[in-house]
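Engineer: Use these hints to put chains B and C onto chain A, whose structure you have.
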Amino acid sequence: MRDISEHTAGEDLIIKTSVRLMVPFIQVFGLYVIVHGHYSPGGGFQGGVILGASFILLALAFGMKTSQEYMTIHVNAVFNNLGPAIFIGVGVLCALFGGLFLDYSALDKLIPLGPVEWRSFGIFLIEVGVGVAVMSIMVLLYWNLSSGGAMDEGL
Amino acid sequence: METIIGEVVAKYNYWIYVVLMMIGFYAMIGKRNLIKKLIGMNIFQTSIILFFVSTGVKKGGGIPIVDKYQALAGHVEAASTVNPLPHVLMLTAIVVGVSVTGVALAVLQRIYQEYGTLEEDEILEKLQR
Amino acid sequence: MKSLALLATLVTGALLLYGTKDFPAWGDPQAPASTYLSPVYIEKAVEQTHVPNIVTAVLGDYRGYDTMFETVVIYCAGMAVVSVLWRRKEE
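Chains as they are written, first to last, in the numbering used here: chain A, 1 to 155; chain B, 1001 to 1129; chain C, 2001 to 2091.
Excised from the complex, chain A in its bound form (with noise of 0.2 Å):
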C-alpha cells in the first residue's frame, strides 16, 4: 500500500491524519451496516452511501487522484453495471429454478438451506447488489459534479 501522505491536495495536516484515520473504520461500518440490515436498522442503500461518502471524504482531504488509486474509474464503472446485475441476476435465477422472477424461495433447488432460509439469504444477496451500485454511483456523482465531468482534478 503506496503512503498517501506524499500527495499535496490538501494541505492542513489535521485534517489528512484524521481523515487517514477515520476512512477505515467507516468503511468497516458501511459494510456492517449492509450485512447486519437484517437484525438491525440498515441495509443496502444506508451501508451504500456510508461506504460511498468514505470515498468522497478520501477525495475531498486528498484530492480526486488520490480516491481514485483506491477506486479507479473502470472499477467504479464494472461495480454501477455490477449492482443491478447482481439484482436483476438474483431474480432471473429464481425464474429459471422454477419460481416467480424474485421469488427467491425457489433457490432451494440449488442449495437446500430450506425456502425460508432462502428468503431471507435472497434478501440479504439483494442488499449486497443494491449495496454496490449506491456505493458506486455516489462516487460517479461526486467526481462528475465537482471536476466538471473531467474526473481529474476537482475540490
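If you are wondering where the hints come from, they were derived from the structure by calculation, not from laboratory data. Small disclaimer: the values here were computed from a predicted structure and weren't measured. Don't take every hint at face value.
EDC-like, lysine to aspartate or glutamate: derived pairs with alpha carbons at most 16 Å apart [said to hold, decoys possible]:
1) C:LYS2002 to B:GLU1120
2) C:LYS2044 to A:GLU117
3) B:LYS1068 to C:GLU2047
4) B:LYS1011 to C:ASP2022
5) B:LYS1037 to B:GLU1119
6) B:LYS1031 to B:GLU1122
7) C:LYS2021 to B:GLU1007
8) C:LYS2044 to B:ASP1067
9) B:LYS1058 to C:ASP2028
10) B:LYS1059 to C:ASP2028
Structural biologist: Quick look at chains B and C alone, frame taken from chain A:
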C-alpha cells in the same frame, strides 16, 4: 375559536408539513435562480417524506424490528409496532431524491457552461437573441 | 409575478390544510394507513422470511420489484450525469 385551536393542536404535525411544503413550493415557482428552485424542490420533498413517515406512527408503538423468537411464537401485536410500509416507501424516495438532485446539478452545470449565468431572466434573454 | 406565486402558494396551502380536517389524528392506531396491509406484514413477515427487521423484509422480498427499479433509477441517474457532463481530457 376554541374548536379551531383544538383542531390545530390535535393535528399539528400536518400543519408543520404544509408550512414546509409552502416554503418549498414558493421557492420553486417564485424564485428566479435555478439553484434556489432546486433547493425549494428538496424542501418540498422533505415535507412529503416527513408526512409519509408520520402516517405510520402509532401512539406507544415500538420500532418495526421485532424479536425473532417472540414473532415466531406469534406474540407480536400489530398495534404496538409502527407501520413499516411508509418507512420502506420513503427509503426508496430518499434515494430517488438524491439521484434527481444529482442529475439536476449536472444539468445546471451544463447550463452555466453554456450561458454563463443561472438566472432565469438572463437565460431567457440570451435564448431570444 | 412574485405576488402571483405567493397567492398560488397560499391557496395550495389553505386547500391542503382544509383537507387535513378529514385526516386521522396523530398516532391513531386505527388510522386507515395502519389497518389493511401493514398488520399482515407485521405479523407474518418474520414467519415467512426469518428477517426480524420488517422494513428490510418488505423492501427486499414483498416489494422486490420496487427496489429493483429503484436500483435501475440510480443507475440511470449516474449514466445521465456522465453523459450530460462528459468532457474529453485535453491531451
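Engineer: Straight-line Cα separation of C:LYS2044 and A:GLU117 no greater than 16 Å?
Structural biologist: holds (15 Å)
Engineer: Does C:ASP2028 sit within 16 Å of B:LYS1059, going by the straight-line distance between their CA atoms?
Structural biologist: Holds, at roughly 6 Å.
Engineer: Taking only the CA atoms, is the gap from C:LYS2044 to B:ASP1067 under or equal to 16 Å?
Structural biologist: Within the cut-off at roughly 13 Å; holds.
Engineer: Does the structure keep B:LYS1031 and B:GLU1122 at a Cα separation of 16 Å or less?
Structural biologist: Within the cut-off at roughly 14 Å; holds.
Engineer: Between B:LYS1011 and C:ASP2022, does the CA-CA distance stay at or below 16 Å?
Structural biologist: holds (11 Å)
Engineer: Does the structure keep B:LYS1058 and C:ASP2028 at a Cα separation of 16 Å or less?
Structural biologist: holds (6 Å)
Engineer: B:LYS1068 and C:GLU2047 were given as a pair; does the straight-line alpha-carbon distance stay at or below 16 Å?
Structural biologist: Answer holds: B:LYS1068 to C:GLU2047 is near 9 Å, not above 16 Å.
Engineer: Are the Cα atoms of B:LYS1037 and B:GLU1119 separated by 16 Å or less?
Structural biologist: Distance of about 11 Å is within 16 Å: holds.
Engineer: Is the Cα-Cα distance between C:LYS2002 and B:GLU1120 16 Å or less?
Structural biologist: holds (14 Å)
Engineer: Quickly compare the C-alpha distance for C:LYS2021 and B:GLU1007 to 16 Å and report which way the hint goes.
Structural biologist: Measuring from Cα to Cα gives roughly 8 Å; hence the hint holds.
When the structure is compared with the earlier hints, no violation turns up for any of them.
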